[in-house]
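Undergrad: Kindly generate the complete structure, drawing on both the sequences and the hints.
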Amino acid sequence: MTKKMFASDNNSGIHPAIMEAIAQANDGHVPAYGSDLYTAAAIKKFKEHFGEESEVEFVFNGTGANVTGLKAMVRSHQAIICTDGAHINSDEGGAAEGFIGGKLLAVPSADGKLTVQGIERHLHNIGNQQRSQPKAVSISQCTELGTVYTIEEIKEITSYAHANGFYVHMDGARLSNAAAHLGCSLAEMTVDAGIDMLAFGGTKNGLMIGEAVVCFNKELASELKYIRKQGMQLGSKMRFLAAQFERLLTDGLWLDNARHANKMAGLLAEGLMKFEGISLTQPVESNAVFASMPKAQIEQLQEKHSFAVWNEAKNEIRLVTSFDTSMEDVESFLGDVRKSFS
255 MTKKMFASDN NSGIHPAIME AIAQANDGHV PAYGSDLYTA AAIKKFKEHF GEESEVEFVF
315 NGTGANVTGL KAMVRSHQAI ICTDGAHINS DEGGAAEGFI GGKLLAVPSA DGKLTVQGIE
375 RHLHNIGNQQ RSQPKAVSIS QCTELGTVYT IEEIKEITSY AHANGFYVHM DGARLSNAAA
435 HLGCSLAEMT VDAGIDMLAF GGTKNGLMIG EAVVCFNKEL ASELKYIRKQ GMQLGSKMRF
495 LAAQFERLLT DGLWLDNARH ANKMAGLLAE GLMKFEGISL TQPVESNAVF ASMPKAQIEQ
555 LQEKHSFAVW NEAKNEIRLV TSFDTSMEDV ESFLGDVRKS FS
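According to the numbering used here, the residues represented by the sequence shown are 255 to 596, in order.
Calculated directly from the structure, the hints in this document are not laboratory data.
Watch out, some of these pointers could steer you wrong.
To be verified - Derived Cβ-Cβ restraints for the label pairs, each shown as a range:
#1 A294 - G347: 25 to 35 Å
#2 E477 - C438: 23 to 33 Å
#3 C438 - P548: 30 to 40 Å
#4 I405 - P270: 25 to 35 Å
#5 A286 - N265: 25 to 35 Å
What the hints assert, rightly or not - Below, simulated DSS-like cross-link-like pairs (lysine-lysine); rule was C-alpha separation at most 25 Å, straight line:
#6 K491 - K298
#7 K258 - K517
#8 K593 - K517
#9 K483 - K301
#10 K593 - K568
#11 K258 - K558
#12 K479 - K389
#13 K517 - K558
#14 K528 - K258
#15 K517 - K483
#16 K357 - K479
#17 K549 - K568
#18 K357 - K389
#19 K593 - K258
#20 K299 - K491
#21 K528 - K568
#22 K558 - K568
#23 K558 - K299
#24 K472 - K301
#25 K258 - K549
#26 K593 - K549
Note that beta-carbon positions come from the ideal geometry of N, C-alpha and C, so glycine has one too.
TA: Structure (structure tokens):
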């Protein structure tokens with residue numbers, strides 16, 4: 255069996271129940287492009303979690319989900335306010351600006367979170383025809399640093415944004431992990447908190463492939479299917495994307511997977527804190543552990559384990575756990591940390 259990795263939850267396998275759902279969907283011929291019973295069943299599940307008014311479009315990947323949703327909100331002369339570490343700003347190859355044509359206005363953030371004060375700094379050029387005009391705010395839940403917005407923090411952002419005529423987009427690649435941490439429903443963090451558009455993640459939580467664009471704002475929903483097609487995110491054999499989500503959102507599988515990943519990250523963090531010379535650089539609130547350790551230990555550990563060096567100048571690493579991370583995986587890593595200090 256291939257060794258487990260802590261580099262990313264994208265490295266994990268497919269949950270057995272999801273694999274079974276794909277196999278069950280592989281039965282004969284059905285209409286293409288989402289006109290099938292599997293897609294209808296998956297959309298029904300989304301409405302159970304997010305409300306009857308939500309509109310759902312399935313796409314292939316997280317970048318596709320983000321740019322599809324954002325393009326429905328922003329025209330080419332407009333801008334999106336986000337943090338400097340936001341996935342759309344730092345890890346999507348300029349896809350947002352390239353596909354939408356608008357501009358990203360990045361705000362520095364030490365903990366990955368955007369604040370009202372951060373949004374406010376980009377309001378001084380409203381009405382100036384020589385500057386891109388802010389029209390949307392984008393936040394990530396969980397953030398790229400593993401931190402989690404409280405529901406109150408999200409509401410504060412959405413209230414301020416809406417008061418200034420902005421839409422609010424949420425990159426929810428790890429939304430399930432955030433819900434597991436907060437002990438709340440998926441709706442409480444999103445539609446109930448004022449989010450207009452959500453990119454809901456599946457790949458990082460046990461799916462083989464697939465994300466979903468979930469729209470809560472009726473005035474934005476009508477254009478989504480056309481944007482998805484133009485953005486090359488419309489799958490012809492949609493049933494195989496949809497069947498995964500239908501299963502993920504049934505019987506709490508999404509939450510079980512996320513809770514387990516979060517628990518493994520917590521245990522990993524607890525173990526690391528026992529070593530002198532290692533310190534956590536962010537609170538562990540999801541399935542990511544950010545820690546600083548001596549460079550010699552990092553280099554030695556990388557000979558046996560796969561993980562990201564997040565900030566070389568600070569000797570900061572990132573360890574990400576998954577639904578299939580085991581106690582043995584955690585203990586193996588911590589055992590090698592112990593050896594590196596001996």
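Undergrad: Take the hints in turn and mark each one as holding or not.
TA: Status of each hint after checking the structure:
1. A294 - G347: 25 to 35 Å: Cβ of A294 to Cβ of G347: about 34 Å, so the range 25 to 35 Å holds.
2. E477 - C438: 23 to 33 Å: holds, 30 Å
3. C438 - P548: 30 to 40 Å: Holds - the Cβ-Cβ distance for C438 and P548, about 38 Å, lies within 30 to 40 Å.
4. I405 - P270: 25 to 35 Å: holds, 33 Å
5. A286 - N265: 25 to 35 Å: holds, 31 Å
6. K491 - K298: holds, 19 Å
7. K258 - K517: holds, 16 Å
8. K593 - K517: holds, 24 Å
9. K483 - K301: OK: K483 and K301 at ~23 Å, within 25 Å.
10. K593 - K568: Holds: K593 and K568 sit about 22 Å apart, inside 25 Å.
11. K258 - K558: Holds - the C-alpha atoms of K558 and K258 are around 11 Å apart, at most 25 Å.
12. K479 - K389: It holds: about 21 Å lies between the C-alpha atoms, which stays within 25 Å.
13. K517 - K558: holds, 23 Å
14. K528 - K258: It holds: about 23 Å lies between the C-alpha atoms, which stays within 25 Å.
15. K517 - K483: violated, 38 Å
16. K357 - K479: holds, 23 Å
17. K549 - K568: holds, 9 Å
18. K357 - K389: Given pair K357, K389 holds - Cα atoms ~10 Å apart, limit 25 Å.
19. K593 - K258: holds, 19 Å
20. K299 - K491: holds, 19 Å
21. K528 - K568: holds, 20 Å
22. K558 - K568: Holds. K558 to K568 sits at ~22 Å (cutoff 25 Å).
23. K558 - K299: Distance of about 41 Å is beyond 25 Å: violated.
24. K472 - K301: The hint holds at about 14 Å.
25. K258 - K549: holds, 23 Å
26. K593 - K549: With Cα atoms ~15 Å apart, K593 and K549 stay inside 25 Å; holds.
Consistency with the previously given hints fails for numbers 15 and 23, ordered from lowest to highest.
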